[in-house]
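Going line by line, the protein sequences match chains A and B. Using our numbering, the letters of the first sequence map in sequence onto residues 6 to 961. Using our numbering, the letters of the second sequence map in sequence onto residues 2 to 195.
Check before you lean on any hint, since a few could be wrong.
Some chain A residues judged to face chain B by a derived CB distance under 8 Å, without partners named [as the list claims (entries may be wrong)]:
#: 1; residue: HIS227
#: 2; residue: PRO567
#: 3; residue: GLY633
#: 4; residue: ARG710
#: 5; residue: THR714
In silico negatives: residues of chain A with every beta carbon more than 10 Å from chain B [stated by the list, open to error]:
#: 6; residue: ARG313
#: 7; residue: VAL456
#: 8; residue: PRO467
#: 9; residue: GLN537
Calculated from the structure, these hints are not laboratory results. Positions of the beta carbon are idealized from the N, C-alpha and C atoms, including for glycine.
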Amino acid sequence: MTSTSRTPEGGRIDRATTVEFTFDGQTLTGHPGDTLASALLASGRHRVATSIKLGRPRGIAAAWAEDPGGLVQIEEPFPEPMLLATTVELHDGLAAHALPGQGRLADVPDSARYDAVHHHVDVLVVGAGPAGLAAALTAARAGARVALVDEQSEAGGSLLSGTDRLDGVPALQWVAAAVAELAGHPEVLHLQRTTAFGSYDDGFVLALERRTDHLGAAAPKHVSRQRVWRIRARSIVVATGAHERPVVFADNDRPGIMLAGAARTFLHRYGVLPGRQAVVFTTNDSAYDAALDLHRAGVRVQALVDARPEGSPRRREECEHAGIRVLSGAVVTGTQGVERVTHALVAPFADGEVGAGSAIACDLLLVSGGWNPAVHLFSQARGRLRYDEALGAFLPGEELDGLAVTGSAAGVFDLAGCLADGQRGAGAALGALAIPPAGEDRLPAAPEPVVPAAPLVLWRVPDTSGAEGSTSFVDLQRDATVADIARAVGAGLRSIEHVKRYTTIGTAHDQGKTSGVLTSGITAELLGIPVQDTGTTTFRPPYTPVAFAALAGRDRGRLFDPERVTALHEWHVAAGAVFEDVGQWKRPRYYPQPGEDMEAAVLRECAAARTGVGILDGSTLGKIDVQGPDAAVLLDLLYTNLMSSLKVGSVRYGVMCGVDGMVIDDGTVLRLAEDRFLVLTTTGGAAKILDWMEEWVQTEWPELRVHCTSVTEQWVTLPVVGPRSRDVVGAVFPQVDVSTEAFPFMTWRDTTLDGVPVRLARISFSGELAFEVYVNPWYAVAVWQRLLEAGRPYGITPYGTETMHVLRAEKGYPIIGQDTDGTVTPHDLGMAWAVSKKKPDFIGKRSFTRPANADPLRKQLVGLLPVDGQTVLPEGSQIVEFLPDGELPPPPVPMLGHVTSSYRSAALARPFALALVKGGRSRVGDTVHVPVDGTLVPVEVTGSVLVDPEGARRDG
Amino acid sequence: MAELLRTHPLEGWSAAFERLPDTVRITVEPYVAMVDVRLGPVPAEASTALGVDLPTAPNTWVPAGTGRAVWLGPDEWLVSSTTETPEELEARVRAAVLPLGGSAADVSAQRIGLRLTGARVRDVLAKGCSIDLHPRVFGRGRSAQTALGQAGVVLLALSDAGDNHGVLVRSSFAGYLAEWLLDAALEFTPTPTR
Chain A
6 MTSTSRTPEG
16 GRIDRATTVE
26 FTFDGQTLTG
36 HPGDTLASAL
46 LASGRHRVAT
56 SIKLGRPRGI
66 AAAWAEDPGG
76 LVQIEEPFPE
86 PMLLATTVEL
96 HDGLAAHALP
106 GQGRLADVPD
116 SARYDAVHHH
126 VDVLVVGAGP
136 AGLAAALTAA
146 RAGARVALVD
156 EQSEAGGSLL
166 SGTDRLDGVP
176 ALQWVAAAVA
186 ELAGHPEVLH
196 LQRTTAFGSY
206 DDGFVLALER
216 RTDHLGAAAP
226 KHVSRQRVWR
236 IRARSIVVAT
246 GAHERPVVFA
256 DNDRPGIMLA
266 GAARTFLHRY
276 GVLPGRQAVV
286 FTTNDSAYDA
296 ALDLHRAGVR
306 VQALVDARPE
316 GSPRRREECE
326 HAGIRVLSGA
336 VVTGTQGVER
346 VTHALVAPFA
356 DGEVGAGSAI
366 ACDLLLVSGG
376 WNPAVHLFSQ
386 ARGRLRYDEA
396 LGAFLPGEEL
406 DGLAVTGSAA
416 GVFDLAGCLA
426 DGQRGAGAAL
436 GALAIPPAGE
446 DRLPAAPEPV
456 VPAAPLVLWR
466 VPDTSGAEGS
476 TSFVDLQRDA
486 TVADIARAVG
496 AGLRSIEHVK
506 RYTTIGTAHD
516 QGKTSGVLTS
526 GITAELLGIP
536 VQDTGTTTFR
546 PPYTPVAFAA
556 LAGRDRGRLF
566 DPERVTALHE
576 WHVAAGAVFE
586 DVGQWKRPRY
596 YPQPGEDMEA
606 AVLRECAAAR
616 TGVGILDGST
626 LGKIDVQGPD
636 AAVLLDLLYT
646 NLMSSLKVGS
656 VRYGVMCGVD
666 GMVIDDGTVL
676 RLAEDRFLVL
686 TTTGGAAKIL
696 DWMEEWVQTE
706 WPELRVHCTS
716 VTEQWVTLPV
726 VGPRSRDVVG
736 AVFPQVDVST
746 EAFPFMTWRD
756 TTLDGVPVRL
766 ARISFSGELA
776 FEVYVNPWYA
786 VAVWQRLLEA
796 GRPYGITPYG
806 TETMHVLRAE
816 KGYPIIGQDT
826 DGTVTPHDLG
836 MAWAVSKKKP
846 DFIGKRSFTR
856 PANADPLRKQ
866 LVGLLPVDGQ
876 TVLPEGSQIV
886 EFLPDGELPP
896 PPVPMLGHVT
906 SSYRSAALAR
916 PFALALVKGG
926 RSRVGDTVHV
936 PVDGTLVPVE
946 VTGSVLVDPE
956 GARRDG
Chain B
2 MAELLRTHPL
12 EGWSAAFERL
22 PDTVRITVEP
32 YVAMVDVRLG
42 PVPAEASTAL
52 GVDLPTAPNT
62 WVPAGTGRAV
72 WLGPDEWLVS
82 STTETPEELE
92 ARVRAAVLPL
102 GGSAADVSAQ
112 RIGLRLTGAR
122 VRDVLAKGCS
132 IDLHPRVFGR
142 GRSAQTALGQ
152 AGVVLLALSD
162 AGDNHGVLVR
172 SSFAGYLAEW
182 LLDAALEFTP
192 TPTR
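Between the sequences and the hints, there should be enough to build the whole structure, so can you do that?
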């Protein structure tokens, strides 16, 4: 299909190249440089959507992100819902369709890449229009580190939409020279297609760069499609321009009704005539340019309707000279047309009263109600706004440190003024940063500005249609009208924030770029208060919508969360281990042999450890080196039990509590020297306990001469477990006498293997004879292999965390965080023996004297044996008891506690569990019940140690 | 008896690193002895005993024999050596600082070193490191304890041109970081192979 509304020449499009796209299944063409909106308008299509609530046809009402109406669904190259046709750059193969209100998310994964980059600058300039370019040049010429970001596909800002001249030549020549000059400065980063969407404290700005969106299917796969720039700027120059504001009148939402400035953009930038017969409705001088430009381009301008009683005498003369009829003191009161506007209803307007009107035929109705400076970034940075009565707009109302607003964003609307203001803003930024300005910093010569006739502030035209404002749209995307605001005010709402939420105005994709200030104005009118008192709603990031995929960046898939692995990870993988996530660690859970499920593998691994020998990678255990003359003093304060009495060469188990006396961690302590200990923590507690120790040392006991250093990854820990572990360890480390007499339980010995230092410790987390082998991870693979080799005659069996858990649970050893939940004392765990009665103080001691801690009905750790000998109780199951009459208490049935650990035991040949049960130790021998899948399973309460309660096995 | 075989966490990554372009070169620098030194005020004797003036300016490092001394905190340094074994280094440094009220712990295997060189290295690092790495700010001798992606690292500036950085990462995070770096370098890799 050929373009029906394309001008014969001009615009920033590449007319030599044609690209094909589809809209609603229809194949259309456009040119590189087009947006989807300009290409649709070029093909004569105005309607692109159907409104969400009322089902009214909607078209393209603006030329960029402020468009409230033209949301479309993209299908190709990748499905994306609700993008603005005005901001989608056209490319070959683009497929889109009109939206019936809402879009749909893709149901296939997005294969595009997204990333983020941190960037630091002296001066960040947002916006590459005249003010922004002038600012960037000034900063760059001074040698500052500069970033210039602009959301359009090319620099120029408002200059792209007009016919301005600088230094006597088209202004875009100056733009091109400025861009080239900036490219020559090595410390300048100039990004187009990049929207600064959030400004935060201390000069932190987030910007989204659309890097390959405009390339369509040709986008390289290894380059990110979109990039979030995380810019930290010492100073920011905001040159974001202004958004034109409409005037609200009845039926102001029909396709073919658009902002006057947008029509200039479509004409000059895209070479598109957005209509054939136009009516222009304005309250200010700027729309006269649109009328004159369109007239020159061949559009029949039926009338220029100026709401001001006297209009603009100078501009009126220009129009009449061109043959355009100007109706001053008149307004558009309504429109006709369905798929597209066919008539504008024009009536005289004086003193707020509308006279009798007439219909003027048109297929394009341009509207201008003035300009709203784009103060979003200033306001996001907590800048206060002030209402300017003359402009009918909100302007920056104060100076912010490190953030200067310049150009149209600050209410400067003439070209010469914008250039000078940009230069001034950058100069002030350089001054604050003590960066000397460049000697030569010339601005191009702009035409002498003409003072425009004063604008009229007009938010809405009284509704004479009889619809009582119900077709006078304030927010087109939300189908919210003047009647809705009246209803909100009628309901008693006075705060603009409440009106926003009641009406939903400003909550759509455009966040009220056209509707926000209108709402303030109309609400103020209805309340009879000054607009300054109404204020605006809060500007919050993002300025324009940002895809979650862009925010997620590269943190997805394998990079979503780091996987920590031990030095033996590759071996585990090769051995077919099934892994378990323990914090960020990947730990082998079990090593299934062919045909084995987890239950079979774990039973086999448990049996090996209890009858032969097993081996575990326990490297993830937290390890802290505690050194200094007061190391023992510190440990006495941190642990509930006494550590200072530990002998060098020995090991002791200890429990740490919080100040509330509840268990926070446990583990063993090796005394390496009088002034040096190795503290072992749980895997999950490693970082937390080091912080805990540092906090106490730094804040409460700074006098202690002690230092704590994490050595978690300095040592691999390889427990060799089982009756034959002595044979294996003795064979690999022949220099060590591994007999019980020479190397008793809870002692450690240093040795070497081929000259490499190795530490052996008789520590058992299984109740079996066991040796933990500690070595520098550089040698982990070699030592592991040696142990496996030596263990082969005994059927040495690598086991994972599941078997480790079963073995320890059979012995009643709790896992802090699984069998405890922050409300459990050492006494509740049956570890009163681990709480010193001699020490004058330790963390948690005072809390143990609370009466509640002595309550015999506290939940206590006990064992549970399902009476049927079959059921594996689900962990987390509730525990209940029958009344003496054999009935359950009436609901809600009180819970006695819950199952904390539950496994099938090879040693017991039956399932068992650990549980926290109210008054648990006094219930040993009782039968209680656990609901499982709707049946009550009877279980016997037992002591927590189920295997080898005498501890006969630990010495082999 | 044969020497005990050594392995490091990035054995499996060397082939992928070799495919990187010259603008982003990653080399693994494993098996470097490192010791974490804690010392309150740094007395003059410390320099003599250690053979290096421990840097007191925050976020800096200095050469120390065949290795480096990196400032980690007001009372903490990381001292490395490429010629001593971990035990030798710990013993030497410990002997030097113990009488001064300090301490020293072998942390050789806690972290593994990566060397990043090339014109695009700064761009790769900027994808996951929030600090300013401009050579004017982060020239040779500067260091930082910071995050690279989601891994904590010690970052060392080894040149004044911003094209040579040392990265020390926790051994357990090394695989994650390697994958992260390769992914970050992808756009600078002429023929993507991944």
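Now the hints, each set against the structure:
Because the closest C-beta pair between A:HIS227 and chain B is about 4 Å apart, less than 8 Å, the hint holds. With 8 Å as the threshold, the beta carbon of A:PRO567 comes within range of chain B, its nearest partner Cβ sitting at about 4 Å, so the hint holds. With a cut of 8 Å, the hint placing A:GLY633 at the interface with chain B holds, because the nearest CB-to-CB distance is about 6 Å. At about 6 Å, the closest approach between the beta carbon of A:ARG710 and any beta carbon in chain B falls short of 8 Å, and the interface hint on this residue holds.
At its closest, the beta carbon of A:THR714 sits 4 Å from a beta carbon of chain B; the interface hint therefore holds under the 8 Å criterion. Annotated as non-interface, A:ARG313 keeps its C-beta farther than 10 Å from every C-beta of chain B; the closest such distance is 52 Å. Annotated as non-interface, A:VAL456 keeps its C-beta farther than 10 Å from every C-beta of chain B; the closest such distance is 46 Å. For A:PRO467, the shortest C-beta to C-beta distance to chain B comes to about 55 Å, beyond the 10 Å cut-off, and the non-interface label holds.
Distance check for A:GLN537 against chain B: the nearest CB is about 40 Å away, which clears 10 Å, and the non-interface claim stands.
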